[in-house]
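Visitor: Protein chains in written order, with numbering that gives the first Met the number 0: chain F, 0 to 276; chain Z, 0 to 478.
Hints may be right or wrong, so weigh each one.
Using 25 Å as the maximum straight-line C-alpha spacing, the simulated DSS-like pairs for lysine-lysine come out as follows [stated by the list, open to error]:
id, chain 1, residue 1, chain 2, residue 2
1, Z, K406, F, K28
2, F, K230, Z, K41
3, Z, K276, F, K261
4, F, K230, Z, K51
5, Z, K51, Z, K112
6, Z, K66, F, K230
7, Z, K51, Z, K66
8, Z, K41, Z, K51
9, F, K261, Z, K406
In short, the hints are calculated from the structure, not lab data. These figures come from a predicted structure and were not determined experimentally.
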Amino acid sequence: MNRILKRRQLTPEIVLLEVTAPRVARRWKPGNFIIIRPTPESERIPLTIVDGDAGKGSITMVVQAIGKTTMQTAALREGDAIPDLAGPLGEPATVERVGHVLAVGGGVGVAELLPVAGAFRRAGNYVTAICGARNAGLRILQEGLAAATDETLWATDDGSAGFHGNVVELMQAWKPATPPGLIHAIGPIPMMRAVASLTREWGVRTYASLNPVMIDGTGMCGGCRVTVGGKVRFACVEGPEFDAHEVDFDELARRNRAYADKEKEAREAHPCRIGLG
Amino acid sequence: MGDIRPKRNPKAPRQQVPVLEAGRRASTPEEVATGFVEDQVKIEALRCLNCKNPVCVDACPLHLDIKAFIDRMANGDIAGAFEKISEQSPFPGVCGRVCQHELFCEKACLLGKKLDPVAIGSLERYCADYARAAGDGHGAARARPTGAKIALVGSGPASMIAAFDLVRKGYRVSVFEALHELGGVLAYGIPPFRLPREILNQEIDRLAGMGVEFHRNFIVGKTATIDELFAEGYEAVFIGTGAGLPYLMGIPGENLIGVYTANEFLTRINLMQAYRKESDTPVRVGRRTYVIGGGNSAMDAARWAKRLGSETTVLFRRGRAELRARLEEVEHAEQEGIRFEFLAAPVAIHGDDKGFVTGLDCIRMELGAPDSSGRPSPVPIAGSEYSVEVDTVVAAIGQGPNPTLQKATPELITNRGKIVIDASGQTSMEGVFAGGDVVRGGSTVILAMKDGRAAADAIDRALKARRADGVSEGREVAQ
Ligand SMILES: Cc1cc2nc3c(=O)[nH]c(=O)nc-3n(C[C@H](O)[C@H](O)[C@H](O)COP(=O)(O)OP(=O)(O)OC[C@H]3O[C@@H](n4cnc5c(N)ncnc54)[C@H](O)[C@@H]3O)c2cc1C
Ligand SMILES: Cc1cc2nc3c(=O)[nH]c(=O)nc-3n(C[C@H](O)[C@H](O)[C@H](O)COP(=O)(O)OP(=O)(O)OC[C@H]3O[C@@H](n4cnc5c(N)ncnc54)[C@H](O)[C@@H]3O)c2cc1C
Ligand code: SF4
Ligand code: SF4
Ligand code: FES
């Protein structure tokens with residue numbers, strides 16, 4: 000049984016859950032994800048593995064409540080069990096030793112960035128993280144990031160902490176004379192698209208961890224397909240990380256809105272906003 | 000068993016399976032073929048010639064003792080007939096419904112040489128339904144088996160029958176399934192209006208009652224590797240991971256919203272139950288649906304689209320005679336008002352500025368010389384392009400082997416994704432066997448079962464030989 004050992008509310012919308020999953024904890028690598036169903040009627044949703052403790056047999060995930068299924072997940076309590084949890088899925092992130100690595104994260108993507116940033120540092124890189132939030136109070140996992148990286152810079156939309164602006168503007172302001180050897184980006188699609196177009200100008204190899212709609216997560220349905228370099232790829236088995244300069248972000252953004260109307264209905268019909276905030 | 004044996008009457012007409020009236024099928028997941036009624040069973044069973052040399056038995060890939068079970072049915076002993084089948088198969092309810100019997104037992108049936116063959120599949124199904132209604136066949140829980148541990152990967156028909164055979168030989172059997180439901184294609188692909196889930200789940204429960212252990216949400220190659228399973232004490236592994244990788248059409252517009260692979264479409268509806276209001280998984284079925292393909296997946300997708308309220312067309316590049324779906328499904332689809340557009344293929348899909356499908360460009364085909372599959376090859380007719388308006392497109396053009404396990408296990412030799420096995424069913428890895436769709440590419444339920452049964456035998460032989468050689472390092476092996 001996948002029981003929730005720890006729940007921490009990080010912001011009114013974002014919750015951290017530590018859950019027992021001994022096999023996943025043993026085999027996961029940064030960049031992997033799991034698929035869960037918080038109730039027996041739920042959709043299967045993918046969530047990144049943020050941390051794992053093989054000794055304790057647990058993994059950690061950070062979920063942002065944006066729709067019915069993520070709201071139900073965020074509303075789970077310590078001691079509750081998650082009926083279905085499968086993983087670790089996807090290919091691990093590309094982690095090489097290149098000298099200086101820039102890790103860019105926005106929103107809940109900051110949590111997903113954490114294990115990858117840590118892996119780059121353990122591989123011997125100097126790691127800079129550039130992270131974004133709407134305001135100072137919505138920044139998440141600051142301590143974890145500080146520990147996992149060599150330096151973490153924050154951008155807030157309202158300027159209440161760190162740089163006043165978004166992560167891409169901060170990247171432009173920050174750009175060192177010698178650009179980093181590799182960039183890893185994860186966050187909302189418009190952010191990843193903007194990061195990709197900037198780093199294309201910089202000429203720096205950039206990976207983006209994509210978040211298409213998924214169902215099985217095992218390569219069986221093709222629902223997660225994305226176009227990369229003109230070729231169709233199944234993000235759940237070939238990704239979720241791809242060369243950001245080759246990704247068709249417009250198509251990804253369109254496909255993720257496929258069910259927007261139906262999701263809105265589900266969300267509005269769903270009473271469990273309680274428990275959040 | 001009465002003294003007066005009822006008289007055989009092979010000349011009686013083959014009994015037609017009653018079906019739900021086409022109008023009532025619209026918008027329900029209710030089973031279409033309702034199965035024989037009691038009177039029909041007698042007539043149909045008495046059509047059987049009780050052949051001295053029952054060729055039907057050889058032709059059934061499981062070699063069910065068809066002659067014997069039909070004889071019991073002819074004598075009114077349905078429970079006995081069910082018992083007879085159960086000696087060899089735990090899945091009469093499944094096979095009686097979805098087995099392509101027209102290619103196997105019924106094709107061989109001697110009566111079919113002159114008259115219509117005996118409706119073996121429908122009789123098999125009747126036994127299962129009878130036992131279910133009578134509350135039989137739940138399989139009393141047995142003592143836990145104590146033999147060697149065997150791991151079966153995937154919970155489709157290939158693994159399931161292997162589990163049945165191995166647990167009866169005394170092995171401790173664990174089935175590992177990637178998804179949250181058991182049954183493979185039977186659970187995610189075949190719709191409940193062809194195979195009600197109570198039937199499937201009851202037959203699976205029977206295996207559980209016999210001591211088979213099931214582990215869902217367990218992806219071998221990801222959650223644990225094959226090497227790790229061996230390290231955990233499993234002495235043999237069977238790979239029955241199926242052909243779940245959907246082929247794409249490779250035409251412009253394929254990633255528009257409203258274009259599905261049959262696997263995604265059917266998984267959303269069957270596995271995730273998008274047709275039920277209570278389910279959270281959505282599916283997008285517009286006013287007009289085009290399903291591309293001519294196999295079982297195409298029929299299943301088309302019949303669901305129709306039930307979900309769409310005007311539905313099946314677009315197939317060859318003719319009706321070349322459809323690969325079960326004949327019964329084609330007929331049911333036709334009854335349900337699904338339109339067939341033969342000898343045509345899609346060339347491009349168009350959408351609006353938000354990325355939703357709006358139209359499909361097609362081209363007419365003619366049949367040319369036979370291709371590698373032995374069927375006449377479709378050849379495009381130049382200048383015959385035409386366009387149709389559509390809201391939903393489902394590509395049901397075939398599947399390849401599910402690649403996850405192979406990718407994580409480079410030692411496994413494959414041929415275009417299909418796992419290669421030797422005559423005994425063993426893969427290139429010692430103690431690792433494979434069968435079903437992952438070896439054959441797309442195939443049928445009953446051939447997958449045949450492979451599972453052969454692999455169970457091979458595993459039994461291999462482990463016994465190992466014990467005889469004393470290589471089992473003191474580990475206990477079942478007798
Ligand atoms: C590999 C991968 C890793 C992920 N990791 C995390 C994670 O660690 N934490 C986390 O909070 N979320 C993560 N996501 C996103 C998460 O899976 C979605 O937020 C979730 O599926 C939405 O389900 P819902 O029912 O709550 O919302 P829905 O009602 O389905 O959707 C709400 C809104 O979000 C949009 N949306 C739908 N699906 C996605 C999606 N896959 N990604 C982004 N937006 C979507 C819709 O357009 C809709 O407007 C990840 C996604 C992927 C593919
Ligand atoms: C829509 C559709 C309709 C069909 N209709 C018919 C019909 O009417 N009659 C007929 O005879 N045939 C039919 N077929 C074909 C038939 O279903 C297949 O030939 C048969 O199911 C193959 O059985 P299998 O056991 O090899 O694999 P599958 O049934 O494909 O099962 C494989 C299972 O393995 C799981 N798996 C995959 N990888 C892993 C992994 N790494 N770890 C753990 N689990 C894994 C999968 O999730 C799946 O559940 C149909 C096929 C489809 C797609
Ligand atoms: S399993 Fe299939 S081939 Fe065998 S008797 Fe039943 S319907 Fe015929
Ligand atoms: S071949 Fe046909 S007629 Fe002969 S025993 Fe089998 S089912 Fe009966
Ligand atoms: S989620 Fe089904 S193939 Fe990727």
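Visitor: A separate judgement is required for each hint: does it hold in the structure or not?
Guide: Now for the hints, and whether the structure bears them out:
Distance restraint check for Z/K406 and F/K28: the Cα-Cα separation of roughly 16 Å lies within the 25 Å cut-off, and the hinted pair is therefore satisfied. The hinted pair formed by F/K230 and Z/K41 fails the criterion: a straight-line CA distance of about 59 Å is larger than 25 Å. Only pairs whose Cα atoms come within 25 Å are accepted, and Z/K276 paired with F/K261 is accepted, the gap being roughly 12 Å. Distance hint between F/K230 and Z/K51 is unfulfilled; the C-alpha atoms sit about 60 Å from each other, more than 25 Å.
For the given pair, Z/K51 sits about 16 Å from Z/K112 by alpha-carbon distance, which is consistent with the 25 Å threshold. Taking the CA atoms of Z/K66 and F/K230, the gap is near 54 Å; set against the 25 Å cutoff, the hint is violated. The suggested pairing of Z/K51 with Z/K66 holds, with an alpha-carbon distance near 9 Å, which does not exceed 25 Å. As the CA atoms of Z/K41 and Z/K51 are separated by approximately 21 Å, the hinted pair is consistent with the 25 Å bound.
Distance check on the hinted pair: F/K261 and Z/K406 sit about 36 Å apart at the alpha-carbon level, beyond 25 Å; violated.
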